[in-house]
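Protein chains in written order, with the numbering used here: chain A, 39 to 384; chain B, 39 to 384; chain C, 39 to 384; chain D, 39 to 384.
It is possible that part of the hints are untrue.
Pairs count within a copy or across copies, as identical chains cannot be separated in the list.
[As the list claims (entries may be wrong)] Heads up, simulated DSSO-like pairs for lysine-lysine below, C-alpha to C-alpha not over 30 angstroms straight-line:
#  : residue 1 : residue 2
1  : Lys317    : Lys297
2  : Lys150    : Lys125
3  : Lys260    : Lys292
4  : Lys42     : Lys176
5  : Lys179    : Lys106
6  : Lys150    : Lys297
7  : Lys99     : Lys42
8  : Lys317    : Lys292
9  : Lys106    : Lys41
10 : Lys99     : Lys125
11 : Lys81     : Lys246
12 : Lys228    : Lys81
13 : Lys317    : Lys155
No lab work stands behind these hints, which were simulated from the structure alone. Keep in mind the model is a prediction, meaning the values are calculated, not measured.
Protein chains: 4
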Amino acid sequence: MDKKKIGIIGATGYTGSELMRILPQHPHVEVTTITSESRAGEKFSEVHPFFEGIADQVLIKSDAINVKDLDLVFLALPHGISMDFVKQYHGEKFKIIDLSGDFRLESPDIYKKWYLKDHSFHEGFAEAVYGIPELFSKEIKSARLIANPGCFPTGALLGMAPLAAEGLRLEAPIIIDSKTGVTGAGVQSKPVNLFSNVHDNFKAYGLKSHRHTIEIQDTLKKISGANVTIQFTPHLLPVDRGILSTIYLQPSKKNWSDKSLVALFEDFYQEAPFVRIRKQPPAIKEVRGTNYCDIFPVFDDRTGMVIVITAIDNLVKGAAGQAVQNMNLIFDWDETQGLNQIPVHP
Amino acid sequence: MDKKKIGIIGATGYTGSELMRILPQHPHVEVTTITSESRAGEKFSEVHPFFEGIADQVLIKSDAINVKDLDLVFLALPHGISMDFVKQYHGEKFKIIDLSGDFRLESPDIYKKWYLKDHSFHEGFAEAVYGIPELFSKEIKSARLIANPGCFPTGALLGMAPLAAEGLRLEAPIIIDSKTGVTGAGVQSKPVNLFSNVHDNFKAYGLKSHRHTIEIQDTLKKISGANVTIQFTPHLLPVDRGILSTIYLQPSKKNWSDKSLVALFEDFYQEAPFVRIRKQPPAIKEVRGTNYCDIFPVFDDRTGMVIVITAIDNLVKGAAGQAVQNMNLIFDWDETQGLNQIPVHP
Amino acid sequence: MDKKKIGIIGATGYTGSELMRILPQHPHVEVTTITSESRAGEKFSEVHPFFEGIADQVLIKSDAINVKDLDLVFLALPHGISMDFVKQYHGEKFKIIDLSGDFRLESPDIYKKWYLKDHSFHEGFAEAVYGIPELFSKEIKSARLIANPGCFPTGALLGMAPLAAEGLRLEAPIIIDSKTGVTGAGVQSKPVNLFSNVHDNFKAYGLKSHRHTIEIQDTLKKISGANVTIQFTPHLLPVDRGILSTIYLQPSKKNWSDKSLVALFEDFYQEAPFVRIRKQPPAIKEVRGTNYCDIFPVFDDRTGMVIVITAIDNLVKGAAGQAVQNMNLIFDWDETQGLNQIPVHP
Amino acid sequence: MDKKKIGIIGATGYTGSELMRILPQHPHVEVTTITSESRAGEKFSEVHPFFEGIADQVLIKSDAINVKDLDLVFLALPHGISMDFVKQYHGEKFKIIDLSGDFRLESPDIYKKWYLKDHSFHEGFAEAVYGIPELFSKEIKSARLIANPGCFPTGALLGMAPLAAEGLRLEAPIIIDSKTGVTGAGVQSKPVNLFSNVHDNFKAYGLKSHRHTIEIQDTLKKISGANVTIQFTPHLLPVDRGILSTIYLQPSKKNWSDKSLVALFEDFYQEAPFVRIRKQPPAIKEVRGTNYCDIFPVFDDRTGMVIVITAIDNLVKGAAGQAVQNMNLIFDWDETQGLNQIPVHP
């Protein structure tokens, strides 16, 4: 089989770098094009020296790529930038997996409300498929444009989907208390990711206003058909990678048990190679460097609440790994191709 | 003024060690007696070498102390052990501040239910005063036995007390999602505090069953007069010190605003030297090494929820510092004596 | 090609666990036997839950293995224990790669002097080959018993071998100042690897007496033919993995330059797929999870000293990875089989 | 006694912030003036929110200070900037403690060679006294301008001074292998102090060229009268604070023992309240937040080398604490005033 030719637009950030770690382990692809506006002309390994001898290809400017020679392009760009590339590439034959937030929401209006920015390519919304393979594999297989989900929504939605699939009759808003590693803030140096502000520290941020709130809420409505409200609070952990979400639901139905919950989840995910229903609370290090989403659901008799804890690596299942998983579906390959990494622990 | 003579029973754990850091900075006390069963005969600085030249006194066995020579004793012992000392010291004149969980709950029955252990000194419950100075200063001033609060309950209760004081009419259980540093697990080496199990990692533990659940719930009922349910989930942070609690309440009353909440909290704590109502989400490093409890309350119009975030140092305001604050009240000293540490940041 | 059948004796420690991470990525082997005395009867994934769904085989006692069914055995045991297994397996046909220190030194006498213990199998010393593939590939290919090198010696020796190969005429002892991650101390909980003793901390240990001193010194004499003295000081880093060694040599020859040093090293290692001669000081995270040894040599005109900095992952190139590399040589496979991991960074 | 009036020029960096932590604990001073060019007009606690309620004074521009109202000024400025303030303040009556590197070296020529910059105030060199109180107390007491030492030189020089005081007859260059926390790189966000570049990582930097090399070497020559060569290599630790230096000396005299070394050090530092001669290798956390310098000297019979390990908190004994200690000498106060902090550990 000829290898598919892959481009990465914006390859120097953490997401791009993670794609460059995963794709060489994939048997059916070849990364032929990597771009960077600021570092064009340099080798990839000059930007990220740990790639010396591994990825020494030269970065080019995005306007220098030959779109006819590509089978699929990953857009590893900030939101607000990505939309312009999707617009520009409209009508081209290659597939696009957009890792930004630009095409994840329902409409340009909702986008503007939460991203505080006009959207430049309204047509893209109709075309884009929201790319969680465990939930939308059918749509993904025939999509040309994938909106690769946000890191927080991935873990949160996988933790609620089995309950959502049978309708969410709840007595209170859903609370999603999430904790993320620092790489979620990107590779640029700024006070928020300064070592001494993060190390031995912990705090919440983005209360009430984080954009992933609406992404989670709208997708959950789509799955459940129910009108749900999400209270989402992200926190910053002194770790590089990983998101752990603790999700609290107040179901009307009170006859759950730990056992019935586990049965529901195991059944729902029986075909999902990357979801592990755990017997104990998962830890983020247990999925580090991998595409796993570990899930631990419990029911508290005393309070009548369902608690679901999920753990992912934000750069893999929360970004680059899920993107590769989407690519596998698009090209009709085994879903796990290139994604057999085992957790690096400790 | 003659200095009060202080004993620390069980001085070699983290709480005892923290008392040894704070008390030398207190002008009115002298630590005359420190005990350890396993390290008796050794200097304190042999157990904790960073105290070399600072605290070189010799540890003795607890049965070798002269109880007549003490004005106050801190019990820095594990729960289940502390009760026996309180029993043994019954009738002595010195004051006792018990840092264990043995006398914090309402009754021996409730104790047994959550601590899975019979209580050996039922009479102590009537005598013990729950020692959060910001809430119970009057009772503390005249107490002989203080049940020094748990680390999680301290931050959680201070974050809800202003709302509780005006009654808690809620539409759902209160969710307290807490994250603690490792010192909460104690100084003994075990897998849970092994470096490679904690570092670059994060996970929940004690779901549904943590003993601080009942301590928070019962105290909150006492303050509010309302029948509240607490869903409490602790998580383990890869840091030494600090607890951050994110508290979610669903009030019946929907006309809150950030401003009205802040006003309520500032008013409630106007006489409290260690409570800071913050303008931004607090970080645990911002209270490190200090007796502060930083609080950040917000109201989310979209969901109708109140979110309160609180941060403390679990070894100071969550243990040794609050114990010293209680001692100050008991001896009618300025509440801040010995507790003017400034955060060590970074 | 039939897969070779592999056993791991003592599979539950960090080294065994790392073999279990690497070997499934190797196309020509199958791990058929894993042993543990204390956890026999449990699944590997019960001991290390992050292996759930990845390695669910059951651990057995070492006396239950069928030695006739194995092609190669990794001994991932503590020193002092390993020797008894080598003795017991004497005369069997399978190959042995011993990851302990039991057969790395020149003689039982030297062993006794540095390990403070009598050696139980003197005959093993003649048979054992010291397994650094970059230096002793010929001997390794025909060996039955490999003494897999210590973690510190691996990085130190690779950093000096090019200089040693042309004779080491030095004016002073060689100073090797090494810094290691905590996994070097093993998986058992003890004060030395307690989170709060390691995190945000740093210290030296084993001054003057660390056993790797003699391993480095004797191997270096073997390579160089010169009589060298090693001053080796290990330090404990607050990280999981990685060893960085800063090596100071005072050569008689003073006409070195950075350029001539780099040329020497590049030439020496031109056939070595896992050695990278770096253009800047390497960082341990740049080799994390991989079998690379990154080397940075410089010459200081002002002082006449050569400084060489080397970085490895102590669990990979310093243990399990190098063991697999040795296995590849033994079975005449490509040296890099199963070892193409890319650094997990950040 | 009237309190002395203190100014801090450049108060918003880590050193300034640390002065603001220490000085409120000093009974004889009052910080009346704090400046910042970029944050003038804001409260100090707006820049560093953990100072809320502790230090809410307003920052002013440096040209707005009233020099006649100050008794002493700390210059907490970058090198190259500080010199202009010293020049400007020439002839004023207040004392100056300059925490930059601008007046630590012997001459403007040497300054230019290592700092690659012309010096704007040559006259300052004659006036400046190098401020290590343990070594130069007499000169400090009568100085108007103190060149507060660099962080690395402080720990390194205190580790060698007892040997230097009796002449340093060495057979090889002295090797100083130092490891520092990240705060040494300053408060500005940049790749070198980005969390994900530092956390779980370790590397050397500034090989052969670090400016503290010459500061150590020249001061050591002054103390010893001997012509010594220093090979100094700093490394970056994934911690906030602390410097540990491992110093290797090859003395001509070979009849040292651990005991005789300790005796020499204890004798030399018997009047030094902040130097602790330790019985085991010190750890940086054991001096965190304090003005201690912990020292551990050993002699290796096998190699004939003296190894000295020293640990300080780079922001305290390596900067702000030592500056306060110098101030105490200048004003003839007890050397320990304001500096009785006990290590925050863990």
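Structure-based check of each hint:
Taking the shortest Cα distances, lysine 317 and lysine 297 sit within 30 angstroms of each other inside one copy (11 angstroms), while across copies they are farther apart (44 angstroms). When the C-alpha separation of lysine 150 and lysine 125 is checked against a cutoff of 30 angstroms, the pair qualifies only within one copy, where the shortest distance is 17 angstroms, while the shortest distance between copies is 55 angstroms. Taking CA atoms no more than 30 angstroms apart as the test, lysine 260 paired with lysine 292 passes in both settings, with 24 angstroms inside one copy and 28 angstroms between copies. Only within a single protomer do lysine 42 and lysine 176 lie at most 30 angstroms apart by alpha-carbon distance; the minimum there is 21 angstroms, versus 40 angstroms between protomers.
Taking the shortest alpha-carbon separations for lysine 179 and lysine 106, only the intra-copy value of 22 angstroms comes in at or below 30 angstroms, while the best inter-copy value is 49 angstroms. Proximity of lysine 150 to lysine 297 under the C-alpha cut-off of 30 angstroms is restricted to the inter-copy arrangement: shortest distance 27 angstroms between copies versus 43 angstroms within a copy. Only within a single protomer do lysine 99 and lysine 42 lie at most 30 angstroms apart by alpha-carbon distance; the minimum there is 21 angstroms, versus 48 angstroms between protomers. In this assembly of identical chains, the alpha carbons of lysine 317 and lysine 292 lie at most 30 angstroms apart only when taken from the same copy (22 angstroms versus 39 angstroms across copies).
In this assembly of identical chains, the alpha carbons of lysine 106 and lysine 41 lie at most 30 angstroms apart only when taken from the same copy (15 angstroms versus 43 angstroms across copies). In this assembly of identical chains, the alpha carbons of lysine 99 and lysine 125 lie at most 30 angstroms apart only when taken from the same copy (18 angstroms versus 49 angstroms across copies). Only between protomers do lysine 81 and lysine 246 lie at most 30 angstroms apart by alpha-carbon distance; the minimum there is 27 angstroms, versus 41 angstroms within a single protomer. Taking the shortest alpha-carbon separations for lysine 228 and lysine 81, both the intra-copy value of 25 angstroms and the inter-copy value of 21 angstroms come in at or below 30 angstroms.
Taking the shortest alpha-carbon separations for lysine 317 and lysine 155, only the inter-copy value of 27 angstroms comes in at or below 30 angstroms, while the best intra-copy value is 43 angstroms.
Against the hints set out earlier in the document, no violation occurs for any number.
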